[in-house]
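Undergrad: If you want the building blocks of each chain, they are given just below.
Number of protein chains: 4
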Amino acid sequence: MARVREQMDFRFPPILGKLKRGPQVLLPKDLGMIVAFSGMSKESVVVDAGAGSGFAAVFFGSIAKRVITFEERPEFAELAGKNIKRSGMENLDLRVRSIFEGFEEVADIINLDLPNPERIFSSKFSLSENGTIVAYSPHTEQVSSFVKAANESGFKSFTIEVIVREILSRDSGTRPQTKGLMHTGYLTFARKAHIKGE
Amino acid sequence: MARVREQMDFRFPPILGKLKRGPQVLLPKDLGMIVAFSGMSKESVVVDAGAGSGFAAVFFGSIAKRVITFEERPEFAELAGKNIKRSGMENLDLRVRSIFEGFEEVADIINLDLPNPERIFSSKFSLSENGTIVAYSPHTEQVSSFVKAANESGFKSFTIEVIVREILSRDSGTRPQTKGLMHTGYLTFARKAHIKGE
Amino acid sequence: MARVREQMDFRFPPILGKLKRGPQVLLPKDLGMIVAFSGMSKESVVVDAGAGSGFAAVFFGSIAKRVITFEERPEFAELAGKNIKRSGMENLDLRVRSIFEGFEEVADIINLDLPNPERIFSSKFSLSENGTIVAYSPHTEQVSSFVKAANESGFKSFTIEVIVREILSRDSGTRPQTKGLMHTGYLTFARKAHIKGE
Amino acid sequence: MARVREQMDFRFPPILGKLKRGPQVLLPKDLGMIVAFSGMSKESVVVDAGAGSGFAAVFFGSIAKRVITFEERPEFAELAGKNIKRSGMENLDLRVRSIFEGFEEVADIINLDLPNPERIFSSKFSLSENGTIVAYSPHTEQVSSFVKAANESGFKSFTIEVIVREILSRDSGTRPQTKGLMHTGYLTFARKAHIKGE
Numbered sequence: 001m002a003r004v005r006e007q008m009d010f011r012f013p014p015i016l017g018k019l020k021r022g023p024q025v026l027l028p029k030d031l032g033m034i035v036a037f038s039g040m041s042k043e044s045v046v047v048d049a050g051a052g053s054g055f056a057a058v059f060f061g062s063i064a065k066r067v068i069t070f071e072e073r074p075e076f077a078e079l080a081g082k083n084i085k086r087s088g089m090e091n092l093d094l095r096v097r098s099i100f101e102g103f104e105e106v107a108d109i110i111n112l113d114l115p116n117p118e119r120i121f122s123s124k125f126s127l128s129e130n131g132t133i134v135a136y137s138p139h140t141e142q143v144s145s146f147v148k149a150a151n152e153s154g155f156k157s158f159t160i161e162v163i164v165r166e167i168l169s170r171d172s173g174t175r176p177q178t179k180g181l182m183h184t185g186y187l188t189f190a191r192k193a194h195i196k197g198e
Numbered sequence: 001m002a003r004v005r006e007q008m009d010f011r012f013p014p015i016l017g018k019l020k021r022g023p024q025v026l027l028p029k030d031l032g033m034i035v036a037f038s039g040m041s042k043e044s045v046v047v048d049a050g051a052g053s054g055f056a057a058v059f060f061g062s063i064a065k066r067v068i069t070f071e072e073r074p075e076f077a078e079l080a081g082k083n084i085k086r087s088g089m090e091n092l093d094l095r096v097r098s099i100f101e102g103f104e105e106v107a108d109i110i111n112l113d114l115p116n117p118e119r120i121f122s123s124k125f126s127l128s129e130n131g132t133i134v135a136y137s138p139h140t141e142q143v144s145s146f147v148k149a150a151n152e153s154g155f156k157s158f159t160i161e162v163i164v165r166e167i168l169s170r171d172s173g174t175r176p177q178t179k180g181l182m183h184t185g186y187l188t189f190a191r192k193a194h195i196k197g198e
Numbered sequence: 001m002a003r004v005r006e007q008m009d010f011r012f013p014p015i016l017g018k019l020k021r022g023p024q025v026l027l028p029k030d031l032g033m034i035v036a037f038s039g040m041s042k043e044s045v046v047v048d049a050g051a052g053s054g055f056a057a058v059f060f061g062s063i064a065k066r067v068i069t070f071e072e073r074p075e076f077a078e079l080a081g082k083n084i085k086r087s088g089m090e091n092l093d094l095r096v097r098s099i100f101e102g103f104e105e106v107a108d109i110i111n112l113d114l115p116n117p118e119r120i121f122s123s124k125f126s127l128s129e130n131g132t133i134v135a136y137s138p139h140t141e142q143v144s145s146f147v148k149a150a151n152e153s154g155f156k157s158f159t160i161e162v163i164v165r166e167i168l169s170r171d172s173g174t175r176p177q178t179k180g181l182m183h184t185g186y187l188t189f190a191r192k193a194h195i196k197g198e
Numbered sequence: 001m002a003r004v005r006e007q008m009d010f011r012f013p014p015i016l017g018k019l020k021r022g023p024q025v026l027l028p029k030d031l032g033m034i035v036a037f038s039g040m041s042k043e044s045v046v047v048d049a050g051a052g053s054g055f056a057a058v059f060f061g062s063i064a065k066r067v068i069t070f071e072e073r074p075e076f077a078e079l080a081g082k083n084i085k086r087s088g089m090e091n092l093d094l095r096v097r098s099i100f101e102g103f104e105e106v107a108d109i110i111n112l113d114l115p116n117p118e119r120i121f122s123s124k125f126s127l128s129e130n131g132t133i134v135a136y137s138p139h140t141e142q143v144s145s146f147v148k149a150a151n152e153s154g155f156k157s158f159t160i161e162v163i164v165r166e167i168l169s170r171d172s173g174t175r176p177q178t179k180g181l182m183h184t185g186y187l188t189f190a191r192k193a194h195i196k197g198e
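Chains as they are written, first to last, in this note's numbering: chain A, 1 to 198; chain B, 1 to 198; chain C, 1 to 198; chain D, 1 to 198.
FYI, nobody ran anything at the bench for these hints, they're computed from the structure.
Some hints could be false.
Said to hold, decoys possible - List of simulated lysine-lysine pairs, DSS-like, C-alpha gap at most 27 Å:
1. B:Lys-156 - A:Lys-85
2. A:Lys-156 - A:Lys-192
3. A:Lys-156 - B:Lys-18
4. D:Lys-20 - D:Lys-82
5. C:Lys-42 - D:Lys-85
6. A:Lys-179 - C:Lys-156
7. B:Lys-124 - B:Lys-192
8. D:Lys-65 - C:Lys-18
9. D:Lys-156 - C:Lys-179
10. D:Lys-179 - C:Lys-156
11. B:Lys-65 - A:Lys-85
12. A:Lys-42 - B:Lys-18
13. D:Lys-82 - C:Lys-42
14. A:Lys-156 - A:Lys-42
15. C:Lys-42 - D:Lys-18
16. A:Lys-179 - D:Lys-179
17. D:Lys-18 - C:Lys-156
18. A:Lys-65 - A:Lys-192
19. B:Lys-18 - B:Lys-124
20. A:Lys-179 - B:Lys-156
21. A:Lys-85 - A:Lys-65
22. C:Lys-42 - C:Lys-156
23. D:Lys-20 - D:Lys-65
24. D:Lys-85 - C:Lys-18
25. C:Lys-156 - C:Lys-65
26. B:Lys-179 - A:Lys-179
27. B:Lys-85 - A:Lys-82
28. D:Lys-18 - D:Lys-42
29. D:Lys-18 - C:Lys-192
Claimed, not checked - Chain B is nowhere near these chain A residues, computed Cβ spacing over 12 Å in every case:
30. Phe-100
31. Glu-104
32. Ser-123
33. Phe-125
Unchecked claim - Per label pair, the in silico range of CB-to-CB distance:
34. D:Lys-148 - C:Ser-122: 50 to 60 Å
35. D:Asp-93 - C:Asp-93: 29 to 39 Å
36. A:Asn-130 - D:Lys-148: 42 to 52 Å
37. A:Lys-65 - C:Asp-9: 51 to 61 Å
38. C:Asp-9 - B:Glu-43: 53 to 63 Å
39. B:Gln-177 - A:Asn-116: 17 to 27 Å
40. A:Lys-65 - C:Gly-180: 24 to 34 Å
Note that this is a predicted model, so its numbers are computed, not measured.
Just so it is clear, CB atoms sit at the ideal spot from N, CA and C, and this is done for glycine as well.
Model the full structure from these sequences, guided by the hints.
TA: In structure tokens, the structure reads:
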């Protein structure tokens, strides 16, 4: 009887592998950085927007205590809803409106993957101590606008970009893969600047 | 009264910021990738070795259900023990011996940051379905040895390297920081190859 | 008698190794790209500004037929003059004024390493067919301004950044060097858009 | 009458744009680095092997005084010959045999883009003072072998890899291109170690 080895896809962890992908989802390389640099843990309350296909929300949901994800576009909200259902997770809360209308919960991490993330600073939101706002920005101009708004609101920020190269190790030798992903987006992390001596 | 702004350190999440750092700890950029590509979640049982200063174990402990970390060098085991205590986490189990002597638990993720990680394949270990072995290797020769041993044991593997650049956004303009970290180590993820049709 | 091995410096070619370095010279990685993507050859007439310490002018002078280099700041012009003299080259012409005052020669390559390189498009200059203007810009905002001005003047452009990693190959193994240069500047190449069918 | 703008190809300089490309030519990013780090100039005698499609030889020929290029595979030698003819250059000398059979000229730069470049050290060759041997190696194992052989022959070496990212600057914003070339080969530069005090 024939044996057929499945092609294994290491590019997505199992929890994401079973979701339906929409366009331009946050990729594991960026999701991993958001977790690592924000300090997301199983105690975290995460607020996320825009949900898009729900990819990031499901990923965060597998780690955090609770995830509230906002999506104002009905067609994306529907896809996100299906993916959340498919994930089987019960700590995900999808709200079909703009995050910039404000929310009541105290967030440990606010993750923004939408145009003009700097609008958060003029919205109603609440962050825990050491709470972090993360903005994902494909363009450098968006980074500048977000950093400027963060500064003006008394936040300090830190921006990174992540380049991941796949390395091939074969009988013929070891080398990075010829072609790959050169750029997705910049990640800016903002935290409230503490003021000593008051 | 004088106001002094604290210098904020974004390079480590708060949970790691309070630990005592030993030499050559796994950095957040690599820890985040291990989480993202292994699919580590709050349901995960993680087995980790060598503990070193306990940095990775504490990071994983903030996310996973349970972490068992092995360290056979007494001086490092002592430091790891102190850092685990300092973290206040109760889901971390430190064992002062080599992981290659084997363990009984079923691991979802086995994280190896020690010389000759390929020795795992000739050790007693147990992995859940979709369970992942991760090896961190500073040198390309180590990647080759691990990948070869993984193949010979019926595992498929995937190797990446992660380059993170800090981006400065200031009044004078936007640009990556001049100098930075060019290399830490390669990350290889190995999973049991499934065989269809048996 | 004792044998002492000289430390060899591979980071600069011999022709540049004997010059006195001023601050922020164009590095070989960027000089090499300027040559390769502009197509600089021993037939080329190169116009360069600002000369700074004369580093780029001497490098280009070792390749091109003739180099005219502009430097309006007297203290830099003095350093550039000394370095040109030290190089022993006779095809280098230093002019102590701004390139934006215009020049009469037909250039094959115009290399701009100064603030506001887009001013070239409103200056008097002359380019050969396939002639290339190169702008070196540390910040992304400078890239945008130059590209916009190039477009408005009927030029097409192409921008790159160059990351060079040193690789260590030792008995202990092969790996990229831990720390290094993450960023110098962006290189934009502009050529006159040809219009067919006229 | 309709105006059609030509698509301009900035990825290759004009001199290379008119050649017929064979498989796996050395790209401008690597050619530029060879020039910059070897110090190739219009005084240089360059020895090159294997010629392949003659791409590198023609590029070097546009800069150096003289280029001798070796190609032992008849079908490639034919293509190289055609491209050399097409370039119109008269300082290129194609020899249809292996460089490892030796040559009489004193080279300033020996460029090796073929398997087992370390064979040069057991071949008959002659280098000027400060002369440089360059080896292009897709795999890390090749780098190790070359560096080891260089050391054993009294040469010092320096290895780099070059990552070039294209940057898009458009009305919608500035960002690196999404996909691109992650890897071509490593470049090792070797020079005779000088011994002081003799």
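Undergrad: Hints first: check each against the structure and report whether it holds.
TA: Each hint tested on the structure:
Distance restraint check for B:Lys-156 and A:Lys-85: the Cα-Cα separation of roughly 30 Å exceeds the 27 Å cut-off, and the hinted pair is therefore not satisfied. For the hint pairing A:Lys-156 with A:Lys-192, the CA-to-CA distance comes to about 6 Å; that is within 27 Å, so the pair holds. Restraint check for A:Lys-156 and B:Lys-18: the C-alpha separation of about 20 Å stays at or below 27 Å, so the hint holds. Between D:Lys-20 and D:Lys-82 the CA atoms are separated by roughly 9 Å; this keeps the pair inside 27 Å, and the hint holds.
For the suggested pair C:Lys-42 and D:Lys-85, the alpha carbons sit about 19 Å apart, so the restraint of at most 27 Å is met. A hinted pair counts as satisfied when its Cα atoms are at most 27 Å apart, and A:Lys-179 with C:Lys-156 qualifies at roughly 25 Å. Proposed proximity of B:Lys-124 and B:Lys-192 is supported: the alpha carbons are some 15 Å apart, at most 27 Å. For the proposed pair D:Lys-65 and C:Lys-18, the alpha carbon gap of about 22 Å is at most 27 Å, so the pair holds.
About 21 Å separates the Cα atoms of D:Lys-156 and C:Lys-179, which keeps this hinted pair within 27 Å; it holds. A hinted pair counts as satisfied when its Cα atoms are at most 27 Å apart, and D:Lys-179 with C:Lys-156 qualifies at roughly 21 Å. Between the alpha carbons of B:Lys-65 and A:Lys-85 the distance comes to roughly 23 Å, so the proposed pair stays at or under 27 Å and holds. Of the pairs offered as hints, the one joining A:Lys-42 and B:Lys-18 holds, with about 18 Å between alpha carbons and a cut-off of 27 Å not exceeded.
Only pairs whose Cα atoms come within 27 Å are accepted, and D:Lys-82 paired with C:Lys-42 is accepted, the gap being roughly 22 Å. A hinted pair counts as satisfied when its Cα atoms are at most 27 Å apart, and A:Lys-156 with A:Lys-42 qualifies at roughly 25 Å. For the suggested pair C:Lys-42 and D:Lys-18, the alpha carbons sit about 18 Å apart, so the restraint of at most 27 Å is met. For a cut-off of 27 Å, the pair hint linking A:Lys-179 to D:Lys-179 stands: about 7 Å separates their Cα positions.
Among the hinted pairs, D:Lys-18 with C:Lys-156 is consistent with the structure: their alpha-carbon atoms are about 20 Å apart, no more than 27 Å. Among the hinted pairs, A:Lys-65 with A:Lys-192 is consistent with the structure: their alpha-carbon atoms are about 22 Å apart, no more than 27 Å. A C-alpha spacing of about 35 Å is found between B:Lys-18 and B:Lys-124, which places the hinted pair above 27 Å, so the restraint is violated. For the hint linking A:Lys-179 to B:Lys-156, the alpha-carbon distance of about 21 Å falls within 27 Å, and the restraint holds.
Proposed proximity of A:Lys-85 and A:Lys-65 is supported: the alpha carbons are some 17 Å apart, at most 27 Å. With a CA separation close to 25 Å, the supplied pair C:Lys-42 and C:Lys-156 stays within the 27 Å bound. Taking the CA atoms of D:Lys-20 and D:Lys-65, the gap is near 23 Å; set against the 27 Å cutoff, the hint holds. A distance of roughly 38 Å separates the Cα atoms of D:Lys-85 and C:Lys-18; the hinted pair therefore is violated under the 27 Å criterion.
Under the criterion of a C-alpha separation no larger than 27 Å, the hint pairing C:Lys-156 with C:Lys-65 is consistent with the structure, at around 26 Å. Pair hint B:Lys-179 plus A:Lys-179 holds up; C-alpha atoms about 25 Å apart against a cutoff of 27 Å. For the given pair, B:Lys-85 sits about 42 Å from A:Lys-82 by alpha-carbon distance, which is inconsistent with the 27 Å threshold. The hinted pair formed by D:Lys-18 and D:Lys-42 meets the criterion: a straight-line CA distance of about 22 Å does not exceed 27 Å.
Of the pairs offered as hints, the one joining D:Lys-18 and C:Lys-192 holds, with about 18 Å between alpha carbons and a cut-off of 27 Å not exceeded. Taking the minimum C-beta to C-beta distance to chain B, about 22 Å, the non-interface status of A:Phe-100 holds against the 12 Å cut. No beta-carbon of chain B is positioned within 12 Å of the beta-carbon of A:Glu-104; the least distance is around 24 Å. A:Ser-123, annotated as away from the interface, keeps every beta carbon of chain B farther than 12 Å; the closest lies near 21 Å.
No beta-carbon of chain B comes within 12 Å of the beta-carbon of A:Phe-125; the shortest separation is about 19 Å. Checking the proposed 50 to 60 Å range against D:Lys-148 and C:Ser-122 shows it holds: the Cβ atoms sit about 56 Å from each other. The beta-carbon spacing between D:Asp-93 and C:Asp-93, approximately 33 Å, falls within the hinted interval of 29 to 39 Å. For A:Asn-130 and D:Lys-148, the hinted distance range of 42 to 52 Å is satisfied, since their beta carbons lie about 50 Å from each other.
A:Lys-65 and C:Asp-9 have their C-beta atoms about 55 Å apart, which keeps the hinted 51 to 61 Å range intact. Distance hint for C:Asp-9 and B:Glu-43: a CB-CB separation of about 54 Å, consistent with the stated range 53 to 63 Å. Under the hint 17 to 27 Å, the C-beta atoms of B:Gln-177 and A:Asn-116, about 26 Å apart, fit the expected range. Between A:Lys-65 and C:Gly-180 the beta carbon distance is about 40 Å. The supplied range of 24 to 34 Å is therefore violated.
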